[in-house]
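Novice: Chains E and Y, in that order, are what the protein sequence lines are. Our numbering runs 14 ahead of the 1-based position in the first sequence. Our numbering runs 4 ahead of the 1-based position in the second sequence.
Source of the hints: derived by calculation from the structure; they are not laboratory data. Even glycine gets a Cβ: it sits at the ideal position worked out from N, Cα and C. A couple of the hints might just be wrong.
[To be verified] Just the calculated beta-carbon pair ranges, DEER-fashion: (1) 66(Y) - 258(E): 42 to 48 angstroms; (2) 205(Y) - 241(E): 49 to 55 angstroms; (3) 38(Y) - 241(E): 28 to 34 angstroms; (4) 258(E) - 125(Y): 56 to 62 angstroms; (5) 80(E) - 209(Y): 58 to 64 angstroms.
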Amino acid sequence: MGDFFTVSVLVATLASGIRLATPFLLAGLGETIGQRSGVLNLGVEGVMLLGAFTAYYVTLETDSPTLGILAAVIAGLMMGLVYAFITLVMQAEQGISGIGIYLFGLGFTDLLFQKNVGTPIPISGLGDIDIPLLSEIPKIGEVFFQHSLPVYIAFALVPVVWFMINKTTFGLNIRAVGETPEAADTLGVSVNGTRLITILIANTMACLAGAALALEVGIFQQNLTAGQGFIAIALVYFGAWRSYGVMLGALLFGVVQATVLQWKTLGIVEGATASLAAMAPALLTIVVLVIVSRRVAAPSALTRPFDRSG
Amino acid sequence: MTMPKTSADVGSIRSSALVRPFVALAVPLAAVAVAFTIGAIMLLALGANPIDGYAALLDGAFGGWNELADTAIKSAPLLLVGVGICIAFRAGVINIGGEGQIIVGAIFSTVVALALPDLPRIFLVPLVLIGGAIGGGIWGAIPGALKAYAGVNEILSTIMMNIIAAQFLSFLLQDLLTDKASGAIKIQQTERLSENADLPLLPGDTRLHLGVIIAVFVAMLGYVLLFRSALGVRLRAVGHNANASRYAGMPVKRSIVQALAFSGACAGIAGAVLVFGSESHRLIAEGGASGFTQSAGFNGIVAALFGSLHPLATIPASFFFGGMLTGGIALQQELQVPAALIVALNGIVVLFVVSSLKLRSRLTAWAESPGTGFTQVETDREPTVPRAEDSLLASTARTRGSPAPSAPNEGDD
Chain E
15 MGDFFTVSVL VATLASGIRL ATPFLLAGLG ETIGQRSGVL NLGVEGVMLL GAFTAYYVTL
75 ETDSPTLGIL AAVIAGLMMG LVYAFITLVM QAEQGISGIG IYLFGLGFTD LLFQKNVGTP
135 IPISGLGDID IPLLSEIPKI GEVFFQHSLP VYIAFALVPV VWFMINKTTF GLNIRAVGET
195 PEAADTLGVS VNGTRLITIL IANTMACLAG AALALEVGIF QQNLTAGQGF IAIALVYFGA
255 WRSYGVMLGA LLFGVVQATV LQWKTLGIVE GATASLAAMA PALLTIVVLV IVSRRVAAPS
315 ALTRPFDRSG
Chain Y
5 MTMPKTSADV GSIRSSALVR PFVALAVPLA AVAVAFTIGA IMLLALGANP IDGYAALLDG
65 AFGGWNELAD TAIKSAPLLL VGVGICIAFR AGVINIGGEG QIIVGAIFST VVALALPDLP
125 RIFLVPLVLI GGAIGGGIWG AIPGALKAYA GVNEILSTIM MNIIAAQFLS FLLQDLLTDK
185 ASGAIKIQQT ERLSENADLP LLPGDTRLHL GVIIAVFVAM LGYVLLFRSA LGVRLRAVGH
245 NANASRYAGM PVKRSIVQAL AFSGACAGIA GAVLVFGSES HRLIAEGGAS GFTQSAGFNG
305 IVAALFGSLH PLATIPASFF FGGMLTGGIA LQQELQVPAA LIVALNGIVV LFVVSSLKLR
365 SRLTAWAESP GTGFTQVETD REPTVPRAED SLLASTARTR GSPAPSAPNE GDD
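Please model the complete structure; the sequences and the hints are all you need to start from.
Specialist: This is the structure:
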């Protein structure tokens with residue numbers, strides 16, 4: 015245990031915690047926007063897998079992570095259109111259709127991977143970008159300012175999402191259709207139009223989260239995300255539907271994950287005990303849910319389809 | 005995919021004798037047909053002839069006694085989980101925790117077999133099954149209690165319980181329950197469990213075992229519980245309208261816990277069947293916990309939805325999806341199409357079936373009252389999936405009897 019509490023190890027753990035928090039944060043922010051408009055996407059996990067595979071495969075073929083990310087964005091928009099059709103046009107139950115999206119993403123990426131790649135071939139991910147000056151601050155620079163592009167983007171999006179939801183007309187519309195769609199409709203706000211856009215944003219960000227994960231670890235394998243998409247949804251509740259809250263949750267989960275990994279590497283815990291430690295994020299989520307469930311209310315129209323005639 | 009007559013279908017007395025069953029059957033079948041067409045396109049894209057592909061799938065699933073037996077074996081866990089899903093969903097609770105409940109059921113039943121290995125088979129087999137039911141039941145009751153008494157959304161808590169169970173299984177198989185004879189190479193498995201706990205093979209020359217009978221029996225029990233018992237009436241009433249049930253004096257909170265406990269117990273039995281009906285007769289996690297459950301916790305939801313959330317209709321539905329799983333293996337062997345295709349196809353089937361539900365109720369309503377058209381949707385009484393809103397809305401307001409939650413999100417981020 016003494017090995018863990020040295021400055022260099024702690025710094026490395028925190029830095030890796032921030033990296034590991036990134037997929038949670040990207041997916042969680044997207045899901046926050048979607049849920050504020052009244053749309054639950056339980057299929058984030060499947061969409062993340064699709065984004066991860068797309069980014070991995072395109073990078074593998076073209077040697078360009080940038081193209082990989084672009085391809086993941088396109089995949090996200092396509093999944094968004096599919097989900098918009100299911101929830102807005104067909105008005106399907108969102109919890110169950112999310113399971114459908116999850117199973118589809120899980121099976122489809124595994125299928126494509128086995129058929130087109132077979133064995134996990136490593137790809138060169140995005141290099142770290144050292145922020146000038148800031149990255150040279152001892153310790154702090156290493157923790158915060160020596161990361162790859164998606165990490166910076168994810169954290170930069172936190173205030174952007176906050177501003178969009180709370181300070182723009184579009185954000186007002188999002189909140190209106192998420193709370194009282196009928197009233198919003200009366201005032202001429204297009205409920206399904208607004209939701210279409212939030213669904214596209216949410217799915218694109220979930221795909222970006224998957225892409226960030228795949229480029230970070232540099233490989234793809236069956237079920238690469240291993241439950242991270244589901245945790246990202248829980249983080250939205252954890253963060254009480256606010257972008258800074260989601261960031262806090264993502265960081266907490268990232269650091270817990272990094273700590274467990276670090277302990278394993280240092281031999282502080284064995285494989286078996288590491289499994290026990292890996293229960294921590296899920297347990298923590300339940301505890302937090304117990305605490306927040308009574309205190310904050312979800313958007314009133316969450317999962318309620320809007321139907322003008324009915 | 006028929007809707008068996010139930011007391012919930014009072015509304016159908018009014019309906020046209022022909023139109024309603026036709027719509028009830030035709031729309032979901034059309035949805036499945038479209039899903040399979042997409043599957044055919046995927047097969048084409050993978051360079052396989054779709055007709056050959058589906059032929060291999062059908063042959064591998066239903067082509068002979070051995071294939072039928074394997075399909076029945078694969079469908080037993082789906083059916084058990086599916087019956088649990090019927091109970092939970094009918095009570096208005098969304099149980100995504102089948103995976104975890106299967107795992108904990110398996111752990112409990114394994115512990116029973118390890119503790120009492122010398123008990124004669126006639127006692128030990130029922131005991132391991134009961135052990136599984138208790139384990140799964142506890143794992144279901146926890147999110148049930150969290151929902152009823154702390155307002156925790158059960159979709160999220162059951163997912164978290166899945167993760168906890170999977171990691172706990174991994175811990176046990178590396179530590180307390182690990183196979184001590186395995187030596188240096190650590191496989192995540194237990195020792196060969198007591199032969200007295202093996203599920204007996206059924207007569208005939210196949211691998212068919214008692215687990216299949218148990219699954220069908222549990223489905224019948226599930227039917228009796230839901231539609232022929234006072235408890236079932238209460239559970240369905242709570243699922244239909246929790247507020248009205250509360251005003252009628254029903255214990256809504258206790259009903260939620262009960263529904264998830266029964267639901268989990270069914271999945272827990274599936275866990276026991278997976279261990280003691282397996283060829284290895286061990287609790288074994290090949291490549292993670294999903295290697296043990298074979299995703300039955302999720303596929304069971306698919307089967308239950310396909311069976312209109314009716315325990316008896318879930319029997320053929322599970323058999324169908326069990327056939328997809330066994331057929332998928334044949335597909336992989338004969339046409340080198342990864343069996344993962346079946347997982348993806350299951351997902352597409354869910355999406356189409358769920359999407360078709362609203363269409364179905366609209367068509368039924370339209371057929372019943374052509375004059376008023378689509379506005380009659382809300383009169384439709386067919387039981388469908390509980391809307392997640394019931395569980396997602398902060399239950400603070402509802403459990404405390406105050407009106408709808410006030411908007412808390414006034415730009416106070």
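Novice: Compare the structure with the hints numbered earlier in the document and write down the numbers of the violated ones, lowest to highest.
Specialist: Structure breaks hints 1, 2.
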